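Order-wise, the sequence lines are chains H and U.
Per my numbering, the first sequence starts with residue 1, numbered consecutively.
Per my numbering, the second sequence starts with residue 1, numbered consecutively.
Honestly, the hints are just simulated from the structure, not real lab data.
Careful: at least some of the hints might be erroneous.
[As the list claims (entries may be wrong)] Cross-link-like lysine-lysine pairs, in silico, DSBU-like; alpha carbons within 35 angstroms at most:
id	chain 1	residue 1	chain 2	residue 2
1	U	Lys248	H	Lys210
2	U	Lys48	H	Lys286
3	H	Lys75	H	Lys186
4	H	Lys251	U	Lys216
Just so we're clear, the structure is a prediction, and the values are computed from it rather than from any experiment.
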Amino acid sequence: MSNDILVITEHMDGKFSDVSFEMVGKAKELASALGGRAVAVVVGGGVSSNVFASDSTIHIDDAALSQFNPEAYGKVIEALVKEKSPRLVMFGWTATGMDLAAWLSAKLGVPCAAYVKNIGADLTMSCQAYGGKMSADVSPEGDMAIAACLAGSFPVEAGQGSTAATSIASPVALDGLKIKFVEAIKPAGGDVDITAQAKLVSIGRGIGSKDNVELAEELAGKLGATVSSSRPVVDAGWLPRTRQVGKSGLKVKPKLYLMLGISGAPEHLEGMKSAELIIAINTDKKAPIFNVAHYGATADLFEVAEAMLELL
Amino acid sequence: MNIVVAIKHIPSIADDLPVKGNNVDFDSVDFVLNEFDEQSIEQAVLVKEAVGGTVTVVGVDMIGELDAVLHLALAKGADKAVKITGDDPAADSHQQAKWLAEAIKGMSADMVFAGVQASNDLDGQIGPMIAAHLDMPYIGGVSSVEVSDHTATVNKEFAGGIGGKYSVSLPMVVGVQAASKPPRYAPISKVRQVAQTATIEKVSPSGDATSGLAFKKMAPPVVTGHAEMIEGSSKDVAKKIVELLKSKGLA
């Protein structure tokens with residue numbers, strides 16, 4: 001056992017995601033409190049890994065790791081964790097980290113906390129729970145723990161640096177994989193680019209049906225805005241996926257983000273919290289969005305939208 | 001194709017969540033189907049319709065009310081329903097995943113579907129844990145699945161429309177983000193009919209697992225900021241928003 005902290009970093013197209021730096025910064029703080037080292041782990045090639053403020057950086061590259069592959073990445077990380085016996089392993093609660101953290105937890109019988117937004121020096125973890133409606137403090141038992149951290153939880157700068165990485169060969173054989181990467185999928189073209197819009201009227205589950213999207217379109221038209229949405233609207237087939245804001249959608253930073261019937265799940269907030277002016281209409285006065293919006297109203301979105309149309 | 005869908009019955013977040021001790025007061029909340037499981041059930045039925053086979057939906061009966069959820073799944077095209085009589089509304093993802101994996105072991109599954117996440121996954125999701133227990137590969141964030149010759153081709157979403165296409169030699173566990181088509185609607189008459197005729201298989205929970213997390217506190221989040229609330233009727237609200245937008249040159 002050591003008091004080291006392993007941070008499983010993430011990169012795509014030659015660039016590390018912010019959450020990688022955020023976690024390294026937090027790991028440094030925790031490692032110094034625990035008397036261990038913050039170790040950044042880079043899996044896969046095509047990226048310069050000397051960019052972290054970690055105490056050390058391990059870079060594992062192999063042809064089988066050139067693209068994210070949960071099976072290959074899982075095997076490599078499992079072997080590394082067994083070898084290093086760290087106090088804590090940090091993943092991002094992201095499209096890639098979500099494939100690995102809970103899997104590793106069950107595989108190794110090590111506690112795992114997800115939706116982590118803060119970690120104390122005693123490794124008590126504060127987690128966002130129940131769609132952001134609750135916050136839970138949990139304490140992992142045993143000598144090793146896994147934390148899957150929400151993006152945007154810690155400052156990026158604290159993790160940026162120039163620690164030289166040590167390249168190592170994969171600690172485990174990567175032949176006979178059942179999962180094979182076929183090709184990258186790029187966003188479908190042809191629709192408006194919501195990340196380039198100055199004003200967005202964004203609709204959520206509260207819009208109720210596909211027919212009601214028209215009201216939002218009409219209001220957007222009057223405001224010179226474009227209609228975007230939260231994930232459930234896209235999953236229901238009411239808008240194309242190109243309009244989705246949030247963790248699995250697009251990150252936007254418009255001058256105006258007018259929200260109709262979006263409660264503000266953490267996954268949505270990840271995509272829009274930097275908007276310059278956020279106005280939220282929701283019938284639930286305790287909706288988490290009211291903790292983030294600049295202006296809010298507990299009201300019926302249809303009545304407000306129709307009344308706005310009369311005034312514009 | 002033998003398809004199993006592992007579902008989670010979770011506390012509804014439509015209303016406030018009451019707290020008891022250091023956790024949610026599970027005795028005083030409504031339970032609902034995890035929203036991602038609706039996508040997962042749909043994706044499983046779509047695969048069955050494309051290549052043939054059976055869809056078995058299995059979940060832990062947290063509070064004795066899982067039948068309604070299973071009836072809905074059957075009405076939407078699932079063929080069999082199994083409930084694990086957990087009767088522990090506080091069972092965490094680790095415990096549920098272990099029970100589910102033990103129940104699925106005997107089902108000769110070619111594919112296991114699970115929702116990519118749930119709002120109470122404080123100790124992680126059941127999908128990757130079931131995969132670890134069954135020693136099957138796992139991919140989550142999946143938005144389409146096609147199967148041919150015992151190989152699945154899945155699209156995994158990263159963010160913003162960027163993703164990866166993967167081919168996977170079956171069996172596997174899939175974490176569904178969204179089905180390739182919006183979930184179908186099951187008329188209430190059909191659900192009622194299913195409820196009268198369907199048999200739900202009961203399985204006793206087998207195997208122990210724990211998240212290894214001790215709950216220290218459960219409370220609404222401490223908020224650092226709050227929106228300036230616009231009061232009044234809907235017309236008042238609309239008027240004030242329009243004034244605000246005009247004053248900022250946004251309308």
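Do the hints match the structure? See the list:
1. For the suggested pair U/Lys248 and H/Lys210, the alpha carbons sit about 31 angstroms apart, so the restraint of at most 35 angstroms is met.
2. For the proposed pair U/Lys48 and H/Lys286, the alpha carbon gap of about 41 angstroms is over 35 angstroms, so the pair is violated.
3. The suggested pairing of H/Lys75 with H/Lys186 holds, with an alpha-carbon distance near 27 angstroms, which does not exceed 35 angstroms.
4. The straight-line distance between the Cα atoms of H/Lys251 and U/Lys216 is roughly 34 angstroms, inside the 35 angstroms bound, and the hint therefore holds.
In this structure, the one hint that does not hold is number 2.
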